[in-house]
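Undergrad: Heads up: the protein sequence lines correspond to chains A and B, in order.
Taking the numbering used here, I'd label the letters of the first sequence as residues 26 to 319.
Taking the numbering used here, I'd label the letters of the second sequence as residues 13 to 399.
Be a bit skeptical, because a hint or two may be false.
Said to hold, decoys possible - The calculated EDC-like cross-link candidates involving lysine to aspartate or glutamate, where the alpha carbons are at most 20 Å apart (straight line), are:
#1 B:K310 / B:E196
#2 B:K122 / A:D178
#3 B:K110 / A:E53
#4 B:K122 / A:D262
#5 B:K158 / A:D178
#6 B:K77 / A:E53
#7 B:K250 / B:D377
#8 B:K122 / B:D87
#9 B:K77 / B:D396
#10 B:K71 / B:D119
#11 B:K158 / A:D262
#12 B:K170 / A:E173
#13 B:K122 / A:E173
Please keep in mind that the hints were generated in silico from the structure rather than gathered at the bench.
On a predicted model such as this, the values are computed, not experimentally measured, just so you know.
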Amino acid sequence: MIGRISPQALVVPLLLLIALTVGAVVNERFLTLGNLRNFTEQLAALGFVSLGQAFVILGGGIDLSIGAIASLAAVLLAGLHGGNEALFIPSLLLVLAGGAAVGAMNGWLTVWLRVHPLIVTLGMASVLSGITLLYAPQPRGSVPFWFEGFAFDSLAGVPLSGLLLGALFLITALVLTRTPFGRRVYAVGGNAEAARLSGLSVKPTIITTYALSGFFAALAGAYYVSRTGVGDPHAGDALTLASLTPVIVGGILLGGGRGGLGGVFLGVLLISLLNNLLNYMNLSTFVQWWCKGW
Amino acid sequence: MANFVTSRRARLASALLVTAVAGTAFLASAPVRAEYDGVPRTFLWNPGLNDLVDTSKFKKKPPYKIGFSNASQGDLWLVTFMHGVQFQIGNNKDKISKFIMTDANGDATKQVSDIQDLLNQDIDLLLVNPATADALDPIVGRAMRKGIPVVSAARRVKTDDNFVSFVTASDTALARMSAQWMVEKLGGKGNIVLLPGLAGASPAELRLSAAKEVFAQAPGIKILDTQYTGWSPANGKKIMSAIIQRYGKDIQGVWADSGLQGSGSVEAFLGAGFKSNEIPPHTGGDLNRMYQLAQEHKFPFIGIDYTPSMGIAAVDVALSVLEGKPVPKRVDVNFQIVLPKGQDTKSVKADVALEDYVRMDAPGDLIMGHGMGQTYDPKTFKADLPR
Numbered sequence: 026m027i028g029r030i031s032p033q034a035l036v037v038p039l040l041l042l043i044a045l046t047v048g049a050v051v052n053e054r055f056l057t058l059g060n061l062r063n064f065t066e067q068l069a070a071l072g073f074v075s076l077g078q079a080f081v082i083l084g085g086g087i088d089l090s091i092g093a094i095a096s097l098a099a100v101l102l103a104g105l106h107g108g109n110e111a112l113f114i115p116s117l118l119l120v121l122a123g124g125a126a127v128g129a130m131n132g133w134l135t136v137w138l139r140v141h142p143l144i145v146t147l148g149m150a151s152v153l154s155g156i157t158l159l160y161a162p163q164p165r166g167s168v169p170f171w172f173e174g175f176a177f178d179s180l181a182g183v184p185l186s187g188l189l190l191g192a193l194f195l196i197t198a199l200v201l202t203r204t205p206f207g208r209r210v211y212a213v214g215g216n217a218e219a220a221r222l223s224g225l226s227v228k229p230t231i232i233t234t235y236a237l238s239g240f241f242a243a244l245a246g247a248y249y250v251s252r253t254g255v256g257d258p259h260a261g262d263a264l265t266l267a268s269l270t271p272v273i274v275g276g277i278l279l280g281g282g283r284g285g286l287g288g289v290f291l292g293v294l295l296i297s298l299l300n301n302l303l304n305y306m307n308l309s310t311f312v313q314w315w316c317k318g319w
Numbered sequence: 013m014a015n016f017v018t019s020r021r022a023r024l025a026s027a028l029l030v031t032a033v034a035g036t037a038f039l040a041s042a043p044v045r046a047e048y049d050g051v052p053r054t055f056l057w058n059p060g061l062n063d064l065v066d067t068s069k070f071k072k073k074p075p076y077k078i079g080f081s082n083a084s085q086g087d088l089w090l091v092t093f094m095h096g097v098q099f100q101i102g103n104n105k106d107k108i109s110k111f112i113m114t115d116a117n118g119d120a121t122k123q124v125s126d127i128q129d130l131l132n133q134d135i136d137l138l139l140v141n142p143a144t145a146d147a148l149d150p151i152v153g154r155a156m157r158k159g160i161p162v163v164s165a166a167r168r169v170k171t172d173d174n175f176v177s178f179v180t181a182s183d184t185a186l187a188r189m190s191a192q193w194m195v196e197k198l199g200g201k202g203n204i205v206l207l208p209g210l211a212g213a214s215p216a217e218l219r220l221s222a223a224k225e226v227f228a229q230a231p232g233i234k235i236l237d238t239q240y241t242g243w244s245p246a247n248g249k250k251i252m253s254a255i256i257q258r259y260g261k262d263i264q265g266v267w268a269d270s271g272l273q274g275s276g277s278v279e280a281f282l283g284a285g286f287k288s289n290e291i292p293p294h295t296g297g298d299l300n301r302m303y304q305l306a307q308e309h310k311f312p313f314i315g316i317d318y319t320p321s322m323g324i325a326a327v328d329v330a331l332s333v334l335e336g337k338p339v340p341k342r343v344d345v346n347f348q349i350v351l352p353k354g355q356d357t358k359s360v361k362a363d364v365a366l367e368d369y370v371r372m373d374a375p376g377d378l379i380m381g382h383g384m385g386q387t388y389d390p391k392t393f394k395a396d397l398p399r
């Protein structure tokens, strides 16, 4: 249902189980509804960007501009409406569409210039970071109070961000496994030349995967704004590399064409649970870094 | 906020008392030499009134569970500050049953998650050194609305209502004092170079603005160059070496907002072949190496620390909150003016002589003003925390 789970991804549920057991033993507040809610809220941004990165990598590319898109989206979302609440929803839509457009530009440059996506997206990251810092050298702007609900409110006890993330994972997994577009992504990622010779539209497929990645990066930026109430020019800094970990841990091959979103979802759970667990273990910071490295 | 703040005039006397406790109680608990042990002078000289916060609604019986959300341990000052928090938690083990600390590694979004995790562990009070004033504002506000008192240390969050008390040191007073000394040392006339800290960081920007305010009132002072240094000795040296190449002996004074980069500047003058008596007047405290250089080479110097002992004071304020004692909305910990003998000017007098303050026996990278006694060494410090 949620995609092709690779054999490597089977290790992840076991690690999740171990993490949950350790957490339950070391701190009685770990396995509580309160922490489950916190944990769900904490994994949303990583979940969004990992989804986008998964599409790009499955299609044979890589996106190193995710963090820069998220940061730019954050400062624009907080700043564009200039305190006028009526302009906030249009700003949000504009920012999400802008994220997709920048992503599509990444894809277009990759197929048009035939330059490795690593270089294209790294270059794009540098350009976007420059624009972000020119617009907002320091955190700026604000959001309507109700928008904080995206980060902190729940529906029937489940955080809104968690519901959205779950829904997005389900929808995208369906798209990937049940639609011609999904099959094209696997075909292009597996062997672009063979896909082209088979008459598949390679270039639009690649461009669409980058556009999706850009959209999800902008969504993550918007989520950070709802959590912090401000557009921080460095909000997305850690997201680029972070987005790769769940994808790889989840069993998607870096070369593309193999793996599924089920593994990525478990990867997101594992990485986020690790951060959460280490806080509950009250370990020294340096020990925490060591643990995350492992 | 309006609910907490009581009549300011009526409470002024107790404010003095509480600030004395907050700012200096630690001095009594740690053996330090030649240190001022009265209330912080910034409190006494503050031309405004100090809001006093009624904390009776937070009063609880000990033992307490305190959560500390730290922004970063990214430089030596931050490490020393954190040690101060741990040191004072250890000194109050009889009142504190559990101390939980998280570190956001400079990432504001991670710090939001850290605070969520702390709140879920039923802490009685949240001590926070926010990575940024704005980004931490909503989550800290949520803590307050849940009835968990927040004490902000070193840096504050944006909204006044979102914390009970803010413990810090006055960046503006520190910068004004050193800038005024420089003006008077040069007889109101000379070419100077400004070496602020990290571009965009609020302490650096505040200090630079306050110093410029002073220099703007001295028409004979000409600012040759202003270069941010990121509070790094290596950057300080590199940047000043380039400036020396350009201006040479035309540089008559160097205003640095900290000895972190100030020491690098002195090293640059020595590296460029300046003799000890040719090094122009310098400002900047914090780093023992800066004091050691001033003592060794005898150039005109003023040192004022941005005292990391505010970590100790923050724990004292936190305990006062949980004991239901009124606390000032803002606590400025004291700093001392350190001058070599004979370097007083008409407005700026020494609180302590350089000769008595410098630690020639200690490593150069020791951050001064830590308040943890003569034996404190950041490399071997081990906190005696409640388990």
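Undergrad: Each hint should be assessed against the structure and marked as holding or not.
TA: Evaluation of the provided hints:
1. Of the pairs offered as hints, the one joining K310 of chain B and E196 of chain B holds, with about 18 Å between alpha carbons and a cut-off of 20 Å not exceeded.
2. Of the pairs offered as hints, the one joining K122 of chain B and D178 of chain A holds, with about 19 Å between alpha carbons and a cut-off of 20 Å not exceeded.
3. A threshold of 20 Å between alpha carbons decides the hint, and for K110 of chain B with E53 of chain A the separation of about 14 Å falls inside it, so the pair holds.
4. Straight-line distance between C-alpha atoms of K122 of chain B and D262 of chain A comes to about 12 Å, which keeps the hinted pair within the 20 Å bound.
5. Proximity of K158 of chain B to D178 of chain A is assessed by CA-CA distance (about 15 Å); at most 20 Å being required, the pair is judged to hold.
6. Of the supplied pair hints, the one linking K77 of chain B and E53 of chain A holds, its CA atoms being roughly 15 Å apart against a limit of 20 Å.
7. Restraint check for K250 of chain B and D377 of chain B: satisfied, since their Cα atoms lie roughly 18 Å apart, inside the 20 Å limit.
8. Between K122 of chain B and D87 of chain B the alpha-carbon distance is near 19 Å, which keeps this suggested pair within the 20 Å criterion.
9. Using a Cα cut-off of 20 Å, the hinted pair K77 of chain B and D396 of chain B holds, with the two alpha carbons roughly 16 Å apart.
10. Distance hint between K71 of chain B and D119 of chain B is unfulfilled; the C-alpha atoms sit about 32 Å from each other, more than 20 Å.
11. With a CA separation close to 31 Å, the supplied pair K158 of chain B and D262 of chain A exceeds the 20 Å bound.
12. Using a Cα cut-off of 20 Å, the hinted pair K170 of chain B and E173 of chain A holds, with the two alpha carbons roughly 16 Å apart.
13. Straight-line distance between C-alpha atoms of K122 of chain B and E173 of chain A comes to about 16 Å, which keeps the hinted pair within the 20 Å bound.
In terms of the numbered hints stated before, the structure departs from hints 10, 11, listed from lowest to highest.
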